[in-house]
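Visitor: Sequence:
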Amino acid sequence: MTDETSTPEAAPEQPKKPGGFTGAVAGYVALGVSVVALGLAAAPYFGGGSGGDVRAYLLQHPEVLQEASQALQAKEGQARVDDTNAAAAANPGLLAVDARDPAFGPADAKVTVIEFFDFRCPGCKAVAPQYRALMAAHPEVRFVFKDWPILDRGEDVTSQYAARAALAAHQQGKYLEVYDALMTERALSVEAIDRILGEHGVDVARAKAALVSPETTRHIADIHTSAAALKLQGTPTFFVNGKAASSIDPAEIGRMIEAAK
Numbered sequence: 000m001t002d003e004t005s006t007p008e009a010a011p012e013q014p015k016k017p018g019g020f021t022g023a024v025a026g027y028v029a030l031g032v033s034v035v036a037l038g039l040a041a042a043p044y045f046g047g048g049s050g051g052d053v054r055a056y057l058l059q060h061p062e063v064l065q066e067a068s069q070a071l072q073a074k075e076g077q078a079r080v081d082d083t084n085a086a087a088a089a090n091p092g093l094l095a096v097d098a099r100d101p102a103f104g105p106a107d108a109k110v111t112v113i114e115f116f117d118f119r120c121p122g123c124k125a126v127a128p129q130y131r132a133l134m135a136a137h138p139e140v141r142f143v144f145k146d147w148p149i150l151d152r153g154e155d156v157t158s159q160y161a162a163r164a165a166l167a168a169h170q171q172g173k174y175l176e177v178y179d180a181l182m183t184e185r186a187l188s189v190e191a192i193d194r195i196l197g198e199h200g201v202d203v204a205r206a207k208a209a210l211v212s213p214e215t216t217r218h219i220a221d222i223h224t225s226a227a228a229l230k231l232q233g234t235p236t237f238f239v240n241g242k243a244a245s246s247i248d249p250a251e252i253g254r255m256i257e258a259a260k
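Per numbering that gives the first Met the number 0, residue 0 is the first one in the sequence shown, and the count goes up by one each step.
The set of hints was computed from the structure by calculation and includes no laboratory data. None of the values given here were measured: they were computed from a predicted structure. The beta-carbon is built from N, C-alpha and C at its ideal position, and this holds for glycine as well. There may be inaccurate statements among the hints.
Unchecked claim - For lysine to any residue, the following SDA-like pairs were computed, each having C-alpha atoms within a straight-line distance of at most 20 Å: (1) K207 x G104; (2) K242 x K260; (3) K242 x P121; (4) K173 x R152; (5) K109 x K260; (6) K109 x A220; (7) K173 x G104; (8) K173 x A209; (9) K124 x A86; (10) K124 x E251; (11) K230 x V143; (12) K173 x E154; (13) K242 x M134; (14) K207 x E154; (15) K124 x E184; (16) K260 x A244; (17) K109 x G122; (18) K207 x A228; (19) K230 x G253; (20) K173 x A135; (21) K207 x K230; (22) K242 x L133; (23) K230 x G122; (24) K242 x V143; (25) K207 x T224; (26) K242 x A108; (27) K109 x K124; (28) K173 x M134; (29) K124 x D248; (30) K124 x G253; (31) K109 x A209; (32) K230 x E214.
What the hints assert, rightly or not - With beta-carbon atoms standing in for the labels, derived distance ranges: (33) N90 x D202: 17 to 25 Å; (34) E190 x R254: 20 to 28 Å; (35) R185 x A95: 18 to 26 Å; (36) R131 x A258: 15 to 23 Å; (37) A227 x R99: 16 to 24 Å; (38) E154 x R185: 16 to 24 Å; (39) S246 x D202: 34 to 42 Å; (40) T183 x P138: 17 to 25 Å.
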């Protein structure tokens, strides 16, 4: 057990994500539905549509199953985006300015981009360099960071610790340097996070006091609450002027920025 004076309090209960046994079952059920639908659609072309004929067709054209599965996933993904956008429209305060969040760009910018992310999220790490390049290319846009640690399990609190450490670095004007380094670090640990803080000019003793403070705990809890109310399903999730992006591709975010202008 790690000393409580050097680690954050336990994170709030995390939202459940599709995956593991439940996700696998859902995937098989969805694929089964696709196969049945395909069989019904193809039946007229087989003179009565016997099961053997449909099976033979699918064995000869397995790409049809892949295409059907991809179409189903896209439809479900868009439905989740629609749910999130409906929740955001019903309660604009969920994405209102929060002075506690790290934010860069003009306060009166016509376009605001918000990212909900976890420093251990592979997708977040993959798009971080392009996202930062997008920030450099759009100095007139306001970029807001929502540190949303959701990948901790059991006694592993690395995501929570990283989020708290980054917010503590923000209090010392070192957020983006630490954000970049945490996203680059392939295997985050408490020790690696402390090292990164020190390497980027952060007063580590002062940061450790801030990362276990009630204010930081409340801040992260509020982000969890907003994410749940927005029906977010995972990280990273991007918003441009209150609209959720349907992709994590920074190029898509760039197109949304141009459209919002």
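Visitor: For every hint, state whether the structure bears it out.
Guide: Here's how the hints hold up against the structure:
no., hint, verdict
1, K207 x G104, "violated (27 Å)"
2, K242 x K260, "holds (14 Å)"
3, K242 x P121, "violated (23 Å)"
4, K173 x R152, "violated (28 Å)"
5, K109 x K260, "holds (7 Å)"
6, K109 x A220, "violated (28 Å)"
7, K173 x G104, "holds (15 Å)"
8, K173 x A209, "holds (14 Å)"
9, K124 x A86, "violated (27 Å)"
10, K124 x E251, "holds (17 Å)"
11, K230 x V143, "holds (19 Å)"
12, K173 x E154, "violated (28 Å)"
13, K242 x M134, "holds (18 Å)"
14, K207 x E154, "holds (19 Å)"
15, K124 x E184, "holds (9 Å)"
16, K260 x A244, "holds (16 Å)"
17, K109 x G122, "violated (27 Å)"
18, K207 x A228, "violated (30 Å)"
19, K230 x G253, "violated (23 Å)"
20, K173 x A135, "holds (17 Å)"
21, K207 x K230, "violated (32 Å)"
22, K242 x L133, "holds (18 Å)"
23, K230 x G122, "holds (19 Å)"
24, K242 x V143, "holds (14 Å)"
25, K207 x T224, "violated (24 Å)"
26, K242 x A108, "holds (16 Å)"
27, K109 x K124, "violated (27 Å)"
28, K173 x M134, "holds (16 Å)"
29, K124 x D248, "holds (12 Å)"
30, K124 x G253, "holds (18 Å)"
31, K109 x A209, "violated (32 Å)"
32, K230 x E214, "violated (24 Å)"
33, N90 x D202: 17 to 25 Å, "violated (38 Å)"
34, E190 x R254: 20 to 28 Å, "violated (40 Å)"
35, R185 x A95: 18 to 26 Å, "violated (35 Å)"
36, R131 x A258: 15 to 23 Å, "holds (21 Å)"
37, A227 x R99: 16 to 24 Å, "holds (18 Å)"
38, E154 x R185: 16 to 24 Å, "holds (22 Å)"
39, S246 x D202: 34 to 42 Å, "holds (38 Å)"
40, T183 x P138: 17 to 25 Å, "holds (23 Å)"
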